[in-house]
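Protein chains in written order, with the numbering used here: chain A, 21 to 312; chain B, 21 to 388.
Bear in mind the hints are in silico, worked out from the structure with no lab data behind them.
The C-beta atom is built at its ideal place from N, Cα and C for all residues, glycine as well.
There could be a bad hint or two in this list.
Unchecked claim - Computed spacing ranges between beta-carbons, pair by pair: (1) TYR378/B x VAL272/A: 56 to 62 Å; (2) GLY381/B x HIS217/A: 39 to 45 Å; (3) GLY241/A x LEU194/B: 44 to 50 Å; (4) GLY179/B x ASP33/A: 37 to 43 Å; (5) GLY381/B x VAL272/A: 49 to 55 Å; (6) LEU266/B x HIS217/A: 42 to 48 Å; (7) LYS48/A x PHE375/B: 54 to 60 Å; (8) ARG246/B x GLY127/A: 39 to 45 Å.
Claimed, not checked - Here chain B is said to cover these stretches of chain A; the calculated rule only asks that three of the stretch's residues, wherever they fall, bring their Cβ under 8 Å from a Cβ of chain B: (9) 44-56; (10) 104-110.
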Amino acid sequence: MILEVRQAGFRYDLKRMIFSDISFGLAKEEVLCILGPNGIGKSTLIRCLANLNPLCAGSIRLHDRDIRSLNNRDVATIVGYVPQAHDIVFPFPVRQFVLMGRAPRLGLFESPGKDDYGKADEAIDLVGIGKIRNKPVNEISGGEFQLAMIARALAQEPEVLLLDEPTSHLDFGNQIRVLEIISRLAEDGLSVIMSSHFPDHAFLSSNNVAIMQHGSFMAYGLAEDVVTEENLKQTYGVDVSITYSRDVDRHVCVPHRHGQCRCHDRYPAECAGQTGCPVLQPDNGLTFQNDN
Amino acid sequence: MTLLPAETPGTAQRDAGTTALLRQAIAVPAAGTILVYCLLPVLFLVSLFIGRYDVVPEHVVLLLVAPVLNLLPAGIIHIEPVWTAAEANVIYQIRLPRVIAAVLVGAGLSMAGATYQGLFKNPLVSPDILGVSSGAGFGAALAILLSWNMAMIQVSAFGFGILAVAITYLLSRLYRTTPTLILVLSGIIVGAFFTALISLTKYVADPYEKLPAITFWLMGSLASVRYSDIVLVVPLFLLATFALLLIRWRINLLAVGDDEARALGIDTKRMAQVIILCSTLITASAVCIAGIIGWVGLIVPHLGRMLVGPDYTRLLPACLLLGACYMLVIDDLARMLTNAEIPLGILTAIIGAPFFAYLLGKRSVGWI
């Protein structure tokens, strides 16, 4: 286990507990996706994991050492943190921006050298934003900025990457591109924790999923076990169907309109004539009716 | 961990484009850097030529190099004094200390301004944001009111400048929210308080003798600078400047965001303390030599950003040099424009404000 969280709890003030009793571990090459409604504390949890907020209860251990016993720099050599997109006042070129990721590897009075520029360029190429490396960060698009922030975290050469809603503010194509990059990084040996608003993203790029609700993990485990219709109904208060798509060979998550008929759990006979609707058969579960 | 580059089609083509772009991006800042580095020696010399008493330019140069060359082992080069005693006096005792002071003040204020703009992530911040100028102004006004001598006025200004920032910092520690915003607000509170105290000293001051003295001091001037003033502040000034130059790359990280800087391994609290300490020492030194001079610390960093870009590794040295140049020009104008000297604070704003408006119009500052 690279990262181990035991009974973690956090609150900003005495009145409101943000989360409590959260425990999980993160192995090498594992991707953990944290789902949950707005304002439930996903970002706070990720900030705690990056040692930006100190826990009020429990512990976070990096390589079996308590995170509180490590200084910012020690943490930064193991954990790379990618915050949500935000405004940057000064027009740093992308390359300079990514180069800042070398900070934990440099001495207090040191400026980055040739080697560090090389590492920064490597990270830039890895996320595929080589074309804009000399553009100021406040002139690039939201998707490019998100990738630049990921590149900066990669320039840290971390073992764990923490991403706070890496796909928010991104268009459909960029969301998928970012998720693909995350999957590829995990294959290359990085462990990833990311928060997301889209249950589909859990199927796309994660091994493990945690659903955060009422200040704790209400479900934690493999994506197929955790992202269920019941759990999503309970978390987001909307009806969804989780169906298997043969086209893409994975589960997909389809939201219902309010009061819409759910074919397979109500009246299968009634829906049987409609195309693509699964028919419940007593012996072998769901089967799909042919389109013709 | 092995990381393989993303496979993107048309890599070769992209690389060619990148090289061109790179060259383009480097070309302008490099020209800017060269300009910045060459300007200061020229202006330094020109400033020594200028003045109401005519000194032959060659004599100025000889006066400057003679003491150094004559120190060399006997007989290699020896420069005979061709200048008059009056010329030597004007150059050594009046112009040279004044020009050195202008360089120190301009360089210091610009560097402190640039650093604060990074620390507060705000391009509109100047070095007196934490109340150092108001504090120093009150210190000087109080000393003038109490008829203290020149040296004590400077000590008082320096002390109260530091005190004001210390109060600001302690005040900000009382509240536990967004540190930089609270710092700025505390600075406004402390600044307002000391400004009121300045008004109070002016109100009770004798209107024929002390009030003009206070008013003049507050408008800033380099007219009466002596070597002793410079020697007084130079050690701390150089120490603080050197410290800021050493950590300058890391100011970049603060300029991007506190949280991110921390996530990148920076001890942001300690770093902010060091920056505030150094900038305050520099600004207080500048204020106690020259009085309150606004605008330099605000516009020179922007000029620097336009010339060499926002990276503090290059920006801070550039601000140092540009600020010195700007101050030399302003001081030369203050000496030349009219028979009576114009206070520097007036000139920096009268020239600085339209210049700043022009810069904003060029839209190349990057943050609008």
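Hints and how they fare:
1. Here the CB-CB span from TYR378/B to VAL272/A is close to 57 Å, well matched to the stated 56 to 62 Å.
2. In this structure, GLY381/B and HIS217/A meet the distance hint of 39 to 45 Å, their C-beta atoms being roughly 42 Å apart.
3. The hint said 44 to 50 Å for the Cβ distance between GLY241/A and LEU194/B, and at roughly 46 Å that hint holds.
4. Between GLY179/B and ASP33/A the C-beta distance comes to about 39 Å, which sits within the given range of 37 to 43 Å.
5. Checked against the given bound of 49 to 55 Å, the beta carbons of GLY381/B and VAL272/A, roughly 53 Å apart, stay inside it.
6. Between LEU266/B and HIS217/A the beta carbons are some 44 Å apart, a value that agrees with the proposed interval 42 to 48 Å.
7. Taking the beta carbon of each, LYS48/A and PHE375/B are about 57 Å apart, inside 54 to 60 Å as hinted.
8. For ARG246/B and GLY127/A, the Cβ-Cβ distance of about 41 Å falls inside the hinted range of 39 to 45 Å, so the restraint holds.
9. Coverage of the stretch 44-56 of chain A by chain B is violated [criterion: at least 3 residues with CB-CB distance below 8 Å; count 0].
10. Counting residues of the stretch 104-110 of chain A whose CB lies closer than 8 Å to any CB of chain B gives 4, so the stated coverage by that chain holds, three being the minimum.
The earlier numbered hint that this structure contradicts is number 9, and it is the only one.
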